[in-house]
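Visitor: Here's the letter readout for the chains.
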Amino acid sequence: MSYFEASARTRIRGLVDAGTFEEFCPPEMRQTSPHLARLNAPLSFDDGVAVGRARLSGHAILIAAQEGRFNGGSVGEVHGAKIRGLLDRALAERPSAVLLLIDSGGVRLHEANAGLIAISEIMRALLSVQAAGIPVFALVGGSCGAFGGMGIVTRLCNEVIMSEQGRLSLSGPEVIETVKGVEEFDSRDRALVWRVTGGKLRRAQGDATRLVEDSIPAFRNAAAELMERYRVHSLPEKSLTDLLADQERLACRNMQFSNARDGQEVWDATLSDSTHVPELSSEEFNQRLLER
Amino acid sequence: MEKFTLTLKSVPAKSRRTTLCGVVSSGNLEVLVEPIGMEDACEIEVSTSAHGFRDIWEAVLNDFAKEHESGGLRLSINDAGATPAVVSLRLSQAFEIASGDAP
Amino acid sequence: MKELFDRLFGKDRHDIAIEGLFLQGKAMVGKESATVIGTCEHAAIDAALALKISGAILNAVREGPRPILFIADTQGQALTRHDELLGLNGYFAHIARAVDLARRSGHRLITLINGEAVSGGFLAFGMLADKICALPGSEVRVMDLRAMSRVTKIELATLEQLAKESPVFAPGVENFWRMGAIHEIWSDKDSWPERLGMAFASLADERASIGFERGGRMLASPIAQCVANT
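Protein chains in written order, with my numbering: chain A, 1 to 292; chain B, 293 to 395; chain C, 396 to 625.
These are computed hints drawn from the structure, not numbers from a lab.
Any given hint could turn out to be false.
Sample of chain B residues facing chain A (criterion: CB under 7 Å; computed from the structure) [unchecked claim]:
#1 L324
#2 E326
#3 S341
Where a beta carbon is used, it is the ideal one built from N, C-alpha and C, also for glycine.
With the hints as extra help, turn the sequences into a complete structure.
Guide: Here you go:
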């Protein structure tokens with residue numbers, strides 16, 4: 001089943017072991033957004049995110065899934081507080097991992113200030129969870145991708161599992177086009193948008209740690225495999241040395257691609273064969289990445 | 293948003309699981325199904341962004357209550373302009389999940 | 396900027412270099428030497444500037460725990476295809492990790508908003524400090540109401556009316572103060588060195604409960620607790 005097409009709840013059902021999902025702050029509590037209500041906009045009983053605990057391949061996990069089709073998976077006060085609360089909970093419950101199924105354009109403009117603050121609280125809570133030795137995975141393969149503050153949150157995660165359809169970036173192409181003009185970024189050129197933000201670019205750069213096919217079982221298998229790895233090698237705390245190495249890696253990227261504006265330039269430098277990359281299956285792509 | 297609640301006669305439901313079905317996006321809706329303390333009627337609460345279609349809603353919901361054993365259930369709907377066909381489909385799906393073993 | 400530094404730290408009590416849109420150096424706060432890292436001239440933060448910020452934070456960590464003062468003046472992230480291709484979100488995440496490392500290494504962290512703090516640029520470093528103070532005349536926002544009206548398709552007049560009642564979406568330092576994201580708003584009458592000295596006390600992330608007390612965010616704290624504890 002396609003991960004891209006599925007709803008947030010269908011993704012959870014398909015990822016976790018059958019019958020193990022237990023939701024926190026469930027829809028029947030009707031914690032809807034008072035801010036959308038004031039603007040007379042449609043509400044959702046879960047404010048566009050489901051959070052809870054479950055098992056995946058037997059491992060205890062906490063999981064959050066954003067619903068990209070409700071207001072673009074955007075983060076408002078309630079939505080953000082549910083994710084932040086889940087991360088706080090991880091400190092007490094100590095699951096094998098926290099899985100964030102990110103499908104979001106970022107801050108919800110109808111409650112923009114609350115959304116921005118919520119994202120910075122999520123960032124801090126996520127860093128605390130990692131400092132406690134609990135890995136956090138991001139899964140990105142939905143129609144809204146991971147943009148804005150949620151793009152930053154995604155890159156804080158220990159593992160980023162993406163499909164090619166998933167997109168990961170900061171400013172949406174539409175925003176850049178509106179502000180800087182169509183010459184800077186033509187948001188209607190879908191192929192270009194994917195070459196600049198899509199899963200195959202992010203995997204080639206190392207920003208995504210796994211590239212999988214657009215199917216729920218493929219995401220599940222990747223998550224299960226990674227969780228098994230963390231069971232064997234527990235998560236070390238990030239040290240100054242680690243961050244200096246990250247700094248060096250990012251500085252090298254700036255130098256190496258100082259004028260790049262198209263993902264093809266990155267593929268040319270990172271794949272054994274960089275022809276016809278958009279047409280490759282994830283398996284073929286991963287093979288070419290390995291060969292280099 | 294236009295809001296109204298209907299209480300409709302229906303045969304008692306066999307199983308009464310709480311479930312949420314569908315997504316609030318343009319042309320679509322979500323339905324929350326929950327048990328309530330009634331036997332031979334269901335309560336349907338509608339919140340819709342499309343104003344002035346109450347007659348059509350009532351026709352669709354009456355059909356639903358007749359065709360499904362939904363007594364003792366409350367269905368709460370958040371609608372973002374779904375067509376009657378989509379409404380019927382989502383209600384049936386939600387009912388099947390709430391009353392069946394489907395996950 | 397020199398006037399600002401004189402006013403903040405006192406004359407001859409600072410040694411801060413400005414390189415383009417980036418500033419870094421040392422200054423005295425009370426009897427302590429603090430590291431100062433910041434942006435100026437409403438900087439649009441691109442990958443290169445982000446690396447300077449993270450590099451300076453990591454240097455400060457290497458030098459050992461002393462207070463860090465972030466001076467934020469940013470119009471937000473740079474909007475270019477090149478920066479998106481590089482993965483600017485990852486550079487911002489790297490800054491966040493550096494700030495977190497500094498905190499865990501015992502640095503006390505304060506952000507001073509001088510000018511404007513907008514959206515992703517504010518998220519990148521300013522918002523992650525222990526305490527955030529705004530200088531008089533500062534502006535904080537995600538998006539101005541006109542653009543917000545365009546994107547959400549809600550009439551500008553409606554937004555303007557609602558902005559009078561609710562702090563939740565409109566630009567403004569006071570709105571962020573009410574929601575708990577800005578701890579202090581300084582005035583021209585204050586002694587800034589004195590306020591700075593008082594502000595440098597470590598804090599947990601209490602923004603949600605402060606926002607509740609100030610009536611700006613009534614749900615964030617109870618909902619997070621509901622998910623975390625039940």
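Visitor: For every hint, state whether the structure bears it out.
Guide: Hints versus structure:
Proximity of L324 (chain B) to chain A holds as hinted, the smallest CB-CB distance being about 5 Å (cut-off 7 Å). The interface hint given for E326 (chain B) is met, as the beta carbon of that residue sits about 6 Å from the closest beta carbon of chain A, less than 7 Å. Evaluation of the S341 (chain B) hint against chain A yields a held restraint, the C-beta minimum of about 5 Å falling below 7 Å.
Consistency note: the structure conflicts with none of the earlier hints.
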